[in-house]
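Participant: Model the full structure from these sequences, guided by the hints.
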Amino acid sequence: MAGITSTAPLPQASALRRNRRWQSRLVRLASYAVLIAGCVIFLVPLFWQVTTSLKTIQDAMRWPPVWVPVPPQWGNYSELFERFPFWLYAGNSIFISALVIVGTLVSSSLAAYGFARLRMPGRDAIFVLLLATLMLPGVVLIIPQFVMFQRLQWINTYNPLIIPAFFGSPFFIFLLRQFFLTIPRELEDAARMDGASYLRIWGQIMLPLAGPALIAVAIYSFVGTWNDFLGPLIYLSDQEKYTVAVALRYLAGGMRSRPEYHLLMAAATLSILPCILLFFVAQRWFMQGQVFTGVKG
Amino acid sequence: MQPSLPRPRKPWLTLRRREAIACALFIAPAVIGFVLFWVTPLVVSAYISLTDYALAGTPRFVGLENYRRLFDDDLFWQAVRVTLTYALIVVPMWIISSLTLALIMNQKLRGVAAFRTVYYLPAVLSGVATAMLWAWLFNYRSGLLNGLLSSLGLQGPNWLGDKNVALFSIILMSLWTMGWYLPIWLGGLQGIPTELYEAAEMDGANAWQRLFNVTLPMLSPVILYNLVINIIFATQLFTEPMMMTSGGPQFATLSYVLYLYNNAFSYLKMGQATAMAWLLFLFTLMLSALVFKFSPLWVYVESEKRG
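Protein chains in written order, with this note's numbering: chain B, 1 to 297; chain C, 1001 to 1307.
Keep in mind that a hint or two might mislead.
Now the stretches of chain C that chain B is said to cover, found in silico as 3 or more residues with beta-carbon under 8 Å [unchecked claim]:
hint: 1; region: 1153 to 1164
hint: 2; region: 1269 to 1278
A partial selection of chain C residues facing chain B, derived with a Cβ cut-off under 10 Å [said to hold, decoys possible]:
hint: 3; residue: 1020
hint: 4; residue: 1029
hint: 5; residue: 1100
hint: 6; residue: 1116
hint: 7; residue: 1186
hint: 8; residue: 1228
hint: 9; residue: 1236
hint: 10; residue: 1257
hint: 11; residue: 1261
Derived, one-sided and incomplete: chain C residues facing chain B with beta-carbon distance under 7 Å [claimed, not checked]:
hint: 12; residue: 1023
hint: 13; residue: 1038
hint: 14; residue: 1104
hint: 15; residue: 1129
Read the hints as simulated data drawn from the structure, not as lab findings.
Each residue gets a CB set at the ideal place from its N, CA and C atoms; glycine is no exception.
Facilitator: Here's what the structure looks like:
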């Protein structure tokens, strides 16, 4: 790297500085222009989705467009509910997500504590092996996993979507381990002196201190499970067991010849609502967790 | 070790052993899961790829027949072509656009948090809903995109119905989720010590020189990391073509994973689909190895800070 080699003041420093200030003002202005233009481009699709969901089908297809539907057609949503049992699918998705969150939190934090703090020969080699799975595209394994779950008679049940979460997830183990490593050891040493077991240290010292990381894990597993498409698509066949993502696909597929976009956008809007709300409430943790590991989930 | 005191017989369950046993118990679920859900499927899939298997009945061993059939299969090569084209275009676009945005945001500007929120938002939305939304935006007659183009007096393309345009449309919509990488870039940028910039400025380096001589070299581990993850992610293209085009028109958007899925769950050619999965696995492995092998050429690693 370029080291500090010259510390001599520059000639004509004040003129240069004035020049710089103008330059930096210009840069600032250009930066804002780019950022705002980008924001508009990024938000227009969502705006279009929500407003389409509140238009009559005639208005939805019209150009020049009706930008803001007056009055908003809230009736689209009741029509959707009549033709599409959204709440049933939402309930299924929430049920699966809740169990996945519990399973992931418990198993991943147990393993993360082991990997972060307890010494065992070969521990780090095992950890590296676990991490290697992050580089493996998950789709490579779907067929053998499908065959295995079929043998277990788990097809058309939620088991394939839930049970694996109870065996930890390498990504979350990694995230939590990194967090545990930042917790000072003295706290545990004191507890060890008092004769606390490892399990108690995990439950009463590590977990309470790891709050932010645990919240990040819970949020990621919720979003990941709620949005998961391939898993429910393969494993669920009864329509009343569908999750929101798969149900949406069948709604869209059923309308392929004559799509009713106002209803499709109403369904799409409802389906992204939980993730959007969660994102606004818990944004801090979303981004923190990601920076922590720098890994895509 | 205390040499002075003669020790009584050492108990078997030393502190060290107890700790090792505890560790084994703590990591046991994860290790069992690793063996059950990763190692076993990988081994089993190697075998399935050498058989004729339609889910019902027992697999029949056919040797390398599935791989030979794939290499003779025009659709297989089409899927390879589609996925490579997609990855080669989308990965540089993701990296350049999100890194540029991050560099802009990393100046001390007001309201950065709000901008970050907006750019990140599409990345948390479900792929299915996103695909439905974009299919609507891309609609030939009434979609927003062609409406805007017609206001400018232009005739918009048939975004998803023209075989020369469809893949490009999917690439375009993929850019909508590039905000996912912003926090990683911003984290990396904030990790660069400000003294380096101060020193560069004192040496008279201008903004471009600072970017190319300080920022990018210091960011190179993050760039490498994002590159690998992006490529792996791009090869998994599935939801968008599945939802929006079913791989059409004329297989123009038949991605590798979509063809794999069709082979497995529409045609029940489990052997052939698994062979495809193994080829993808080997490709990913090779690619990661390649990227890491050549990384010392351009990745700057701060050696003292790692520990």
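Participant: Confirm or reject each hint.
Facilitator: Status of the hints after comparison with the structure:
1. Counting residues of the region 1153 to 1164 of chain C whose beta carbon lies closer than 8 Å to any beta carbon of chain B gives 0, which falls short of the minimum of three for the stated coverage.
2. Here's how the region 1269 to 1278 of chain C fares: 5 of its residues keep a CB closer than 8 Å to some CB of chain B, so the rule of at least three is met and the hint holds.
3. With 10 Å as the threshold, the beta carbon of residue 1020 of chain C comes within range of chain B, its nearest partner Cβ sitting at about 4 Å, so the hint holds.
4. Hint status for residue 1029 of chain C: holds, given a least beta-carbon distance of 5 Å to chain B, under 10 Å.
5. Evaluation of the residue 1100 of chain C hint against chain B yields a held restraint, the C-beta minimum of about 8 Å falling below 10 Å.
6. With its C-beta approaching chain B no nearer than about 7 Å, residue 1116 of chain C sits inside the 10 Å limit, and its interface hint holds.
7. This hint holds: residue 1186 of chain C has a C-beta 7 Å from the nearest C-beta of chain B, less than the 10 Å allowed.
8. The restraint placing residue 1228 of chain C at the interface with chain B holds, with a minimum CB-CB distance near 7 Å, inside the 10 Å limit.
9. Hint status for residue 1236 of chain C: holds, given a least beta-carbon distance of 5 Å to chain B, under 10 Å.
10. At about 5 Å, the closest approach between the beta carbon of residue 1257 of chain C and any beta carbon in chain B falls short of 10 Å, and the interface hint on this residue holds.
11. The interface hint given for residue 1261 of chain C is met, as the beta carbon of that residue sits about 8 Å from the closest beta carbon of chain B, less than 10 Å.
12. Given the 7 Å rule on beta carbons, the hint for residue 1023 of chain C holds: about 3 Å separates it from the nearest Cβ of chain B.
13. Because the beta carbon of residue 1038 of chain C sits about 5 Å from the nearest beta carbon in chain B, less than 7 Å, this interface hint is met.
14. Interface hint at residue 1104 of chain C: satisfied, since its Cβ lies 5 Å from the closest Cβ of chain B, which is below the 7 Å cut-off.
15. Hint status for residue 1129 of chain C relative to chain B: holds, with the closest Cβ pair at about 4 Å, below 7 Å.
Going down the numbered hints, you'll see the structure goes against just number 1.
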